[in-house]
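Peer 1: Each chain, written out:
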Amino acid sequence: MPYSESEVTREVECIRRVQKGEGAAFGQLVERHQQRIFSIVFHLVRRRDEVEDLAQEIFLKAYRAIRSYNFQSSFATWLSRIAVNHCYDYLRKVRASRLSYYSEMTEESAHELERKAESPPPQGLDHGEKLALRDFVGRLLARAPEDDQVILTLKELEDYSVEEIADLLRLKPSTVKVRLHRARKRMLADLERWRQEGK
Amino acid sequence: MDCKELRDLVSELWGGELSAEAREHLSNCAGCEALWRDARLVQAGLRALAEEAAPEPSLGFASRLVRRLQEWQEKGARSEFFETVGRRFVYATLALTLALLLSMALPTSGPVRGVAGADFLGLQSHSQSSQPDVIGGDFGDSHELTPGGPTD
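Residue numbers (the numbering used here), protein chains in the order written: chain A, 95 to 293; chain B, 1476 to 1627.
Please note that a few of the clues may not be correct.
As the list claims (entries may be wrong) - In silico DSS-like pairs for lysine-lysine, Cα to Cα no more than 25 angstroms straight-line: (1) B:Lys1550 with A:Lys271; (2) B:Lys1550 with A:Lys114; (3) A:Lys224 with A:Lys279; (4) A:Lys279 with A:Lys266; (5) A:Lys155 with B:Lys1550.
Think of the hints as simulated: they come from the structure by calculation, not from any bench.
So here's chain A without its partners, still in its complex pose (with noise of 0.2 angstroms):
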């Protein structure tokens, strides 16, 4: 969302508050970011009943690390870097239990779902196909290196442009192509993989 030129300066003015220790300055921050943070947090953790203790844990970090802010970068990018690290971190950790998962869900159930999501034309989904089809590719994202999760879910689920992405991950827009394009061959490399175990 752009910001007035107003509404930048005393975003500003609050960092520079609560950089030099004014706590209660950092609750305007957090409102007018929460939502941000949120999303990105649910997008690639995809859990609600995580997301809110994630992105408690996102902003006290921010708080804790506001001093090295240098206003080189806009604060909401700087803010999602923090959001982007945190989770990436936690799909880290959570890796090895969510294998687990996959390896407790039979065969059976997995391709069903699969059968389900791919019986209809894409374009033309009812509800539930679509509720079918969203689980399906969710599970199939989880599946994904943290790394390939993190740009796919910046670029296809929060709508960012390569620039952006460079920005946030401290990256050349050039190698942010390249790793785009490789985790989509992954990501569709692993559906047929997993379409081929099924058979």
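Fit chain B to the given chain A structure using the hints.
Peer 2: Showing chain B alone in chain A's frame:
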């Protein structure tokens, strides 16, 4: 166009329009056609995921967070205070203990017992005057140093 080129194109275009050449390849290649369908399926799924709204922050999320921050700051300041005071107390106790140990250990570790300890404590004169000399004590002195032996 071969299969590898088409696979690259599918991941690169990702939802964009395929060229006539690519479409022709798809019509003749079942494997690539399946991949193209998969890509569309995944894209539709990702769109559906993007539409899913994130949960709203619960009422008072920001104010609760600020309260927690303030508690954390107070706790931090308190623990910093106790840490500093505690550290000084520990240092003082250690220094005192070390001084006591030294005062007790040095007399017994010197080459001459008793005298060294007395030196250390500044009691040399008192010690010398009150302690009987094993070589020439009161009895020895009176006995050995009597000139001419006992007088009858």
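Peer 1: Which numbered conditions among the earlier hints are violated in the structure presented, ordered from lowest to highest?
Peer 2: 1
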